[in-house]
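Order-wise, the sequence lines are chains D and Y.
Letter by letter, the first sequence follows residues 1 to 539 of the working numbering.
Letter by letter, the second sequence follows residues 1 to 382 of the working numbering.
Think of the hints as simulated: they come from the structure by calculation, not from any bench.
Any given hint could be a false lead.
What the hints assert, rightly or not - Taking lysine-lysine and the DSS-like style, the derived pairs with C-alpha atoms no more than 27 Å apart in a straight line are: (1) D:Lys440 x Y:Lys369; (2) D:Lys441 x Y:Lys55; (3) D:Lys288 x D:Lys456; (4) D:Lys288 x D:Lys242; (5) Y:Lys369 x Y:Lys357; (6) D:Lys343 x D:Lys288.
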Amino acid sequence: MNNLKYISAIRNGDFTGLPIAGSSTAVNMTGNWKFFRPLLKPKKAPCFEACPLHIGISDYIKEFAAGNHLAALEILRLSNPMPAITGRVCPNFCQSACNRTDFDEALQIGNLERALGDFGLDHPHPGNDKDENKTAAIIGSGPAGLAAAIFLTRAGVKVTIFEQNTAPGGLLRYGIPAYRLPRPILDQEIDNIIESYKIELKCNHRIESAQLKKLTAEYDVLIAAPGLSRSSIPAQWPDIPKIKGALDLLAAISRNETIPGQNFVIIGGGNAALDTARSLKRLGKTVKIIYRRTRAEMPAYPDEIMEALEEGLQIQEEVVVAKVAGTGDALNLDLHHSRKDGKQITAGDFLETITCDFLIAATGQESGTDFKDYSPELLPAGDFAHGAASVAEALASGRKAAESALEKFGLLADYPVSNQTTEESAPITCTQLHLNYYVKKPAGKTPQLEAAARNKNFSEVNLSLTLDQLADEAERCFHCGSCTTCGICWFFCPDVAIAINHDSHEAESPILFDYDHCKGCGQCAEVCPRGVIEMEEDL
Amino acid sequence: MEKSAILLGSEAIAHGVKLCRPQVISAYPITPQTHIIETLSEMVDRGELESQYIKVESEMSAIAAVLGSVSAGSRSFTASSSQGLAMMHELLHWYAGARLPLVLVNANRALGAPWNIWSDQSDSFSQRDTGWLQIYCETSQEALDTIIMAYKASEQLMLPIMVMIDGFILSHTMERLMIPAQEMVDDFLPPYKAPYQLDPGNPLTFGGAAQPDLFYELKKAYSATMQEALGLIDQVQTEFARKFERHYSAVMHCQEGDKNSDTAIICCGAMTGTARVAVENLSQTEIAVDLFKLRLLRPFPTTDLAAALKGKKRVIVLNRACSYGVGGTLSQEIRTALYHLPDRPIINDVMISLGGKEVFPETISDIIKNREQLSETECNWL
Numbered sequence: 001m002n003n004l005k006y007i008s009a010i011r012n013g014d015f016t017g018l019p020i021a022g023s024s025t026a027v028n029m030t031g032n033w034k035f036f037r038p039l040l041k042p043k044k045a046p047c048f049e050a051c052p053l054h055i056g057i058s059d060y061i062k063e064f065a066a067g068n069h070l071a072a073l074e075i076l077r078l079s080n081p082m083p084a085i086t087g088r089v090c091p092n093f094c095q096s097a098c099n100r101t102d103f104d105e106a107l108q109i110g111n112l113e114r115a116l117g118d119f120g121l122d123h124p125h126p127g128n129d130k131d132e133n134k135t136a137a138i139i140g141s142g143p144a145g146l147a148a149a150i151f152l153t154r155a156g157v158k159v160t161i162f163e164q165n166t167a168p169g170g171l172l173r174y175g176i177p178a179y180r181l182p183r184p185i186l187d188q189e190i191d192n193i194i195e196s197y198k199i200e201l202k203c204n205h206r207i208e209s210a211q212l213k214k215l216t217a218e219y220d221v222l223i224a225a226p227g228l229s230r231s232s233i234p235a236q237w238p239d240i241p242k243i244k245g246a247l248d249l250l251a252a253i254s255r256n257e258t259i260p261g262q263n264f265v266i267i268g269g270g271n272a273a274l275d276t277a278r279s280l281k282r283l284g285k286t287v288k289i290i291y292r293r294t295r296a297e298m299p300a301y302p303d304e305i306m307e308a309l310e311e312g313l314q315i316q317e318e319v320v321v322a323k324v325a326g327t328g329d330a331l332n333l334d335l336h337h338s339r340k341d342g343k344q345i346t347a348g349d350f351l352e353t354i355t356c357d358f359l360i361a362a363t364g365q366e367s368g369t370d371f372k373d374y375s376p377e378l379l380p381a382g383d384f385a386h387g388a389a390s391v392a393e394a395l396a397s398g399r400k401a402a403e404s405a406l407e408k409f410g411l412l413a414d415y416p417v418s419n420q421t422t423e424e425s426a427p428i429t430c431t432q433l434h435l436n437y438y439v440k441k442p443a444g445k446t447p448q449l450e451a452a453a454r455n456k457n458f459s460e461v462n463l464s465l466t467l468d469q470l471a472d473e474a475e476r477c478f479h480c481g482s483c484t485t486c487g488i489c490w491f492f493c494p495d496v497a498i499a500i501n502h503d504s505h506e507a508e509s510p511i512l513f514d515y516d517h518c519k520g521c522g523q524c525a526e527v528c529p530r531g532v533i534e535m536e537e538d539l
Numbered sequence: 001m002e003k004s005a006i007l008l009g010s011e012a013i014a015h016g017v018k019l020c021r022p023q024v025i026s027a028y029p030i031t032p033q034t035h036i037i038e039t040l041s042e043m044v045d046r047g048e049l050e051s052q053y054i055k056v057e058s059e060m061s062a063i064a065a066v067l068g069s070v071s072a073g074s075r076s077f078t079a080s081s082s083q084g085l086a087m088m089h090e091l092l093h094w095y096a097g098a099r100l101p102l103v104l105v106n107a108n109r110a111l112g113a114p115w116n117i118w119s120d121q122s123d124s125f126s127q128r129d130t131g132w133l134q135i136y137c138e139t140s141q142e143a144l145d146t147i148i149m150a151y152k153a154s155e156q157l158m159l160p161i162m163v164m165i166d167g168f169i170l171s172h173t174m175e176r177l178m179i180p181a182q183e184m185v186d187d188f189l190p191p192y193k194a195p196y197q198l199d200p201g202n203p204l205t206f207g208g209a210a211q212p213d214l215f216y217e218l219k220k221a222y223s224a225t226m227q228e229a230l231g232l233i234d235q236v237q238t239e240f241a242r243k244f245e246r247h248y249s250a251v252m253h254c255q256e257g258d259k260n261s262d263t264a265i266i267c268c269g270a271m272t273g274t275a276r277v278a279v280e281n282l283s284q285t286e287i288a289v290d291l292f293k294l295r296l297l298r299p300f301p302t303t304d305l306a307a308a309l310k311g312k313k314r315v316i317v318l319n320r321a322c323s324y325g326v327g328g329t330l331s332q333e334i335r336t337a338l339y340h341l342p343d344r345p346i347i348n349d350v351m352i353s354l355g356g357k358e359v360f361p362e363t364i365s366d367i368i369k370n371r372e373q374l375s376e377t378e379c380n381w382l
């Protein structure tokens, strides 16, 4: 304080005694008055937490909003190597968790992901030239198998995939209809992956359980991701060709095979039931879904149920098929009202008998393999490991299998991961944000093909939005718990004790607190729109 | 060309401010000041007045905003009243101590509780000791002219000036007045050139901590500047009179008063007009009294006042602000100024009105008629 030198005479005027000093007040270490100090404490965003892949969503959307689409794609692919696919087929766990839902409407993360994914179709992955002299065999080229392959090759492991079908993709190709996942997109995304990461793909190469031992001997690690490729058919139904599993039918449709019969009844309420029904309708068949519970209880994704209803699909609720009898060309189905018996559903009163050409079971999936007594060296992944689940969960499972292998190889250390905080803590909630800084704005929804036009072919139902069209949507992200260097704290700090480090590198903090002059008032923590600044006792 | 107009007091003030070309205006509305800043904001909106109008959420922020804008070298304006002015109190001290120029118009209004929106001078008299110059106006014309003079004096002194009008009595009544020509005002009041200003290229510390001895020296210098201000304000008023032909001084003798009378009435603000009528009426009944209005409260024109009241046996002070436990605030000021005179007059301290209590010419003439009954030591309440 003694160093503060007041100007005693003014250069260009007649004033004296103005309380203006030529030296800085920085000599006043007012920071030693404080009892609290602000700290930058990034928090987990709910989208990051909800995503099975823990994608750094806020991070890539920052780049997206800044127009750096390639940088955004790179961050996205770090956790999710096939965004063009998941951007179409993922039920968007992230969006369901979005804090923006409590403000106006969830951020349309799926649309942003899809647009970046499509942009990425022309931008191959960087790949990897490392060779750690390790090999891996992967059974199955579905999302789990491919993810395992990608994350292994990124760390320098040489990968061979064994695929029983003629083309890679597993359920992506043989389960998900083209109107949800157009084949050119699927092909391009997978081709990019196979080529960029130099994965050896052996199609038409089915692995039987007898071969497992040999493979574990030949390769340093063996990952089994054969999926659940068959629909289970209820045991009480007769074993006749007129009764089929939904997945067999979907696979046949995918292969453009001719589907005999006109009149189809599908039993089930999951995605497989709806996919089969909607596909058959597109082939001009008469289709009816019979489900034992109510529509609200159907496990299929709500969007898909909505779209199916728009397309005029008939869903008969709370009905069970009590008896199936084959009479020559047709099947007779005895329908009964379903009766709730605790958690079980059993057949109640008789309703009617209907006839159909084919009865399709979509009531569950089972493995198409007999890998029962596999060795402990075999790492299971995907639906085969955890049961039927989403594509994102399959990718996460494949990545997890890869990480187990890498850990065993001692290669996990320099493996790139999403840089959002992975600390064990609950994700930040809407009440921890400062919503006054945000403006309500309608969400950038995907336009859809008109329902009337959909039944005629397998054209994609959800139409694309371009990156430019989604620029505003990217701006809607709250960036919950993540500093965007917005400068609100800098603006409000009464002690000029905050500096924004706009050129922050990953290791450096984007906000620099001058603790020599911060008095610990806590205004920065109070005004932070994203709940990133916290006050800590400073004694 | 100077032009004549019939305007509300608030509008007259807005025109006066506009003629001074403030670059920044920041204010928070409060009855009876609201019309002043509404008129200014409309002028800004219509593009007639090129100024940054900063909307704020309180009077505290309004004065803080202009503290910033003037530190950055701009001419600025704010206005308030009553509770609003009271809310500014902390920064009024700071503003003056920072030695920054400003013109603040205060529409005089009572302070609660109880709630009251009518006129008295408690609000500005409470701010007597903040270091601001204070000028009280009798008419809207006087207010308009005073604003122009105040900017000139303020910027030459690097001291802030508060210009007072009576809420409602002036702010909400119409008056025929003259609006000076812009060119003449521009000629009288050149753009503000700050000797020092906020400048990232030349960092300086404004009002940073001062050690006790330095603090004392700075305050001594402040006090000396206040004394110089008396002379400077005289000069500015003389220069204004030469240019615009309207004459003002710190203490003004009213022509209705009888210079030869040994009894004088003194007051400040619009009530002077009522006193003029009372004194004129009394002169018909052969009671002669003299009449003065005090325009300048800070710095206090002690010499001028002593000279004006020299030889008077009785001075009746009409107060509209009270220092509770003593009496009329204005009376204390007059007493202090006259104490050193060899033949000091009797001071009758009269609390004539608070919170808008109506003052008629008869109210004043009754006081004069009954002057012998007035206490010479105690405050006289009606």
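Hints, one by one, checked against the model:
no.	hint	verdict
1	D:Lys440 x Y:Lys369	violated (71 Å)
2	D:Lys441 x Y:Lys55	holds (26 Å)
3	D:Lys288 x D:Lys456	holds (17 Å)
4	D:Lys288 x D:Lys242	holds (16 Å)
5	Y:Lys369 x Y:Lys357	holds (20 Å)
6	D:Lys343 x D:Lys288	holds (25 Å)
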